[in-house]
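Q: Work the whole structure out from these sequences, hints included.
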Amino acid sequence: MSQQPYIIDDQLLAKYLSGEALPEEAIQVEHWLEADPNNKAIFDQISAAWNQFSAGEPHQLPDKKLFWNSVKQQLHPQRTQSASEKIWLVRIGIAAGFLLIISLLIRYFNTAQNNPSSVTAELVQRKTSDNIINDTLSDGSVVTLATQSGISYPAQFKGNRTITLTGMASFDVRHIAADPFTVIAGPVTIKVLGTNFFVYQDSLEIKVNVHTGKVRMYGGGDSLTLLPNQQGIYDIAKKKIDLVEPYVKPLSKAVKEMNFQNTSLIEVTRSLEAHFGVEFVYENRELAHCTISASFDKQSLDYILEVIAATLNIQFRKDHKTVYLSGKSCE
12 MSQQPYIIDD QLLAKYLSGE ALPEEAIQVE HWLEADPNNK AIFDQISAAW
62 NQFSAGEPHQ LPDKKLFWNS VKQQLHPQRT QSASEKIWLV RIGIAAGFLL
112 IISLLIRYFN TAQNNPSSVT AELVQRKTSD NIINDTLSDG SVVTLATQSG
162 ISYPAQFKGN RTITLTGMAS FDVRHIAADP FTVIAGPVTI KVLGTNFFVY
212 QDSLEIKVNV HTGKVRMYGG GDSLTLLPNQ QGIYDIAKKK IDLVEPYVKP
262 LSKAVKEMNF QNTSLIEVTR SLEAHFGVEF VYENRELAHC TISASFDKQS
312 LDYILEVIAA TLNIQFRKDH KTVYLSGKSC E
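Here the working numbering is used: the first residue of the sequence shown is 12, the next is one more, and so on.
Calculated lysine-lysine pairs in the DSS-like style (CA-CA distance at most 30 Å, straight line):
id: 1; residue 1: K202; residue 2: K51
id: 2; residue 1: K202; residue 2: K225
id: 3; residue 1: K225; residue 2: K332
id: 4; residue 1: K225; residue 2: K169
id: 5; residue 1: K332; residue 2: K309
It should be emphasised that the hints constitute simulated quantities derived from the structure, not laboratory data.
All of these numbers come straight from a predicted model, not from anything done at the bench.
A: Rendered as structure tokens:
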């Protein structure tokens, strides 16, 4: 588990203001803006100055060296200046003034990082390999991060609570009405106030299961509100969200009848999730592509898990209503 501070410097802000920042860099700046109202105030001053000396074109990178060379030349004139030249000198001086403001502001929030009231935001990044971790956020919310997954978020939430997720995780979110909780998973945005839900993400789909509370999914121009015991599935290729209702049926001690013929393990576990009210977490995500042929009639979940484990030579363990699958990929 690692924790990495990010300092917002003039180069990163220049890339952001000019529209050239990478997605992860833009997210970093946005986290910084959300972390403290002072950050937003400083950014507004810099943005206003930027627009002034870039001729109002946000995608034009100002040439700082040219500005300062022009100022230097004007400070050492070789002949009497005309009225138009004096006007140009005033304009250059204004531009140089903006550059000075930016330099001072950048120096301020870079050197303020050692001060307790620092405006520099700290971004926490956590990644898992073979182990599952439980992470308590600054607002008291709890995230259970599955293997081969990752999250990033501000060390201290101030206002909106935003987390970026890759892979799989379950969330138990503390209810704070004034501060919405947002999870960004690839092309899907999940917004909640306070709830317990699970997110599964792979190359084909993003699945959200809601246990308590209410969430709203956004993706591909589509949106969907999910209530307890509902599931939303976003198809990445189709850019569409589908509702599965109810995703959890009343708990049952045994299945009535299930037949699987050369069925992928991910499809099998979805059926078991719906019938037994449990969740499956793949500690090795390649296992989802394994296939199995089997029939079950009035058997318990434990029995079915034993059959699957023996058939595919994998392991499972149960923790309350969560079943963790592990083992080597199928040949």
